[in-house]
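With the hints as a guide, dock the two chains, each given alone in a separate frame, to form the complex.
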Amino acid sequence: MERRIYFILGDILNLLCCGALGGYWAAALMVPSWSDLPSMALGMLLGMAASMVAGLIFTPLFGAMEVMLPGMLAGMLGGMLGAMTPAAAGDASWCGEAINGVGLGGWSGWEMGMMGGALVMLLTYLLQAHYEGRKA
Amino acid sequence: MDIKTQQRWDRAAKYFDLMGGFGPEKRWRPYKEALFAPMSGRILFLAAGTGLDFTHFPAGQKIVAIDISPEMIKRAKKRADSYPGQIELLLMDVHEMEFPDGHFDQIYTSCTFCSVPDPVRGLEALKRVIKPGGALRMFEHTGSRIFPFRQILNLTNPLWSSIGPDVNRNTVANVQQAGFQQVRVNNHFLDVVRSIEAIAP
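One line per chain: the protein sequences are A and B, in this order.
If you number the first sequence the way the numbering used here does, the last residue is 403 and the count never jumps.
If you number the second sequence the way the numbering used here does, the last residue is 252 and the count never jumps.
Same shape as in the complex, but just chain B (with noise of 0.2 Å):
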């Protein structure tokens, strides 16, 4: 387990639902739930912060949803618990899945791979759980190509990174890298808010 990691988020997990619960959250909607739509048999969710996203899943679904921090697990319970369906809330570090090859259909991911350490190595991680053929589909905030855009997200980047996530990876890059194949992306917001859809080889 990243402890370092782990403990970011849980000093973030204070104030997570106050800066991202409505706003953001609001304003995501539309995208999320078109991408959550489409959820359907084994289905790994990470991270599960404070179980904001549950909301935009699709009822009747059975979801492992994992997170590196106590704080936030704690938080998403009640969220858990409410959720027309079935959510089993797992303290876990992507690095590190307990699960077996092969073992998830689908994995869906909201804002993660801004905060996972080591992005290609979290991506291969969940290129080992997901059957052959499985769906990736996540939704993410990534570096942007357009100018100044670009060089605002770089020059920042240490100071969002010393409190949170990054703001300038190249999260489809790393998708590809990883081995994910027929990477598709849906840019929302600018270049910067995406989903990103991969199939597992």
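Looking at chain A on its own, in the form it has when it is part of the complex (with noise of 0.2 Å):
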């Protein structure tokens, strides 16, 4: 597991921001009126975008594989859950007050895309516990 202070606040910094910027891009984009699972899935299609974004500039500073692939998953994740907050709204304007902050649980899509950034966070390194020095 990482333990070189550097990487950890990389890896946070990293996965908060691709969660948060695929929810926000996620609860910007989708129709208040969608069903949820299209609207689900096109958030993940955003998410993985964004965090093709973040790893631009995260991939140089704090590593390849390690920034890329948790990230991928940590924008999917965020772009899943930021579009279920127009959904949740229901009848909110499109990228008004879901954007805002009246989403689901009253949470608003970048902050429940953040909230899927650290769970990735969390996710990544125990299995990277789980698998560092394995022999196989």
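Read the hints as simulated data drawn from the structure, not as lab findings.
Misleading hints may appear alongside valid ones.
Stated by the list, open to error - Residues of chain B clear of chain A, computed beta-carbon distances all greater than 12 Å:
#1 Arg126
#2 Leu142
#3 His192
Unchecked claim - According to the in silico footprint, chain B covers these stretches of chain A (three or more CB under 8 Å from chain B):
#4 304-314
#5 320-329
#6 374-380
Owing to the predicted nature of the structure, the values given are computational and were not obtained by experimental measurement.
By construction, the Cβ of each residue, glycine as well, lies at the ideal position given by its N, Cα and C atoms.
Structure, rendered in structure tokens:
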């Protein structure tokens, strides 16, 4: 498991940004009248695109696969969660209240996405603790 | 010479250090230094790239480093010159290496077999130029067995392979398929970034 503080902080920054950006884009672009499933699928794609943008910035600073792979998962999860906020907001205006925080449980799209990023951080580090140094 | 691959890496050479020179190299430094530490005898290193790996080599070795891209070789020259030992840089395709059979004691690779067009044939070519009992030591990123990372790598591979490496290869299986023996794997990041060690038959 990564123990160097520079890279731990880099991972946190990368995954929170990927999640938040994915969530924000998804919340901003979803139409509230859409049903959950297509919204979430499109949100995941938007989140993946967001993570690639973030990856261009963070890869040169913090690592290649270590940035890209969890970043994509964080973006996809963030996008999926962010896409749920307009749908949950019901008649909230398209890129209005859903972004600003009347979405799912009162959370905004980017906040939902950021939580997704934090979840991916936890998952990645737990998996890494399991796999690191394992001989095959 | 595979011209298509050569052109792809000539293009990549321009931004290679920018994308990989600081963060990725700094992150992988401990693993690469441990992998390269046993260097001795006649050593082949592929692919040299811009020479970022040369700083991880133990001092005082005589190393032949090959790459398919003239642009990469051009950029690697400065780093080869500053290495405290001897690095001979050669423009060569791994599929068409001109070395005699059993010429090298050890072969090292670093993020190479994600990009070699025909990895099993490339590894078989390595088997030809390494002495029986010689060590193949690789630092590679591979596909993943873990859900959902496996699916993400498979889904995005067409995009990555259009600009650079494949991200979902089973390099460990390729090493075994090429006929190397006693294959050992050490996972560094999930089961994606790995050191692979094997012995030539």
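Outcome of the hint check:
1. Arg126: For arginine 126 of chain B, whose nearest Cβ neighbour in chain A is about 16 Å away, the distance exceeds 12 Å, so it holds.
2. Leu142: Check passes; 25 Å lies beyond 12 Å.
3. His192: For histidine 192 of chain B, whose nearest Cβ neighbour in chain A is about 5 Å away, the distance does not exceed 12 Å, so it is violated.
4. 304-314: violated (count 0)
5. 320-329: holds (count 5)
6. 374-380: violated (count 0)
Checked against the numbered hints above, the structure breaks hints 3, 4, 6 and satisfies the rest.
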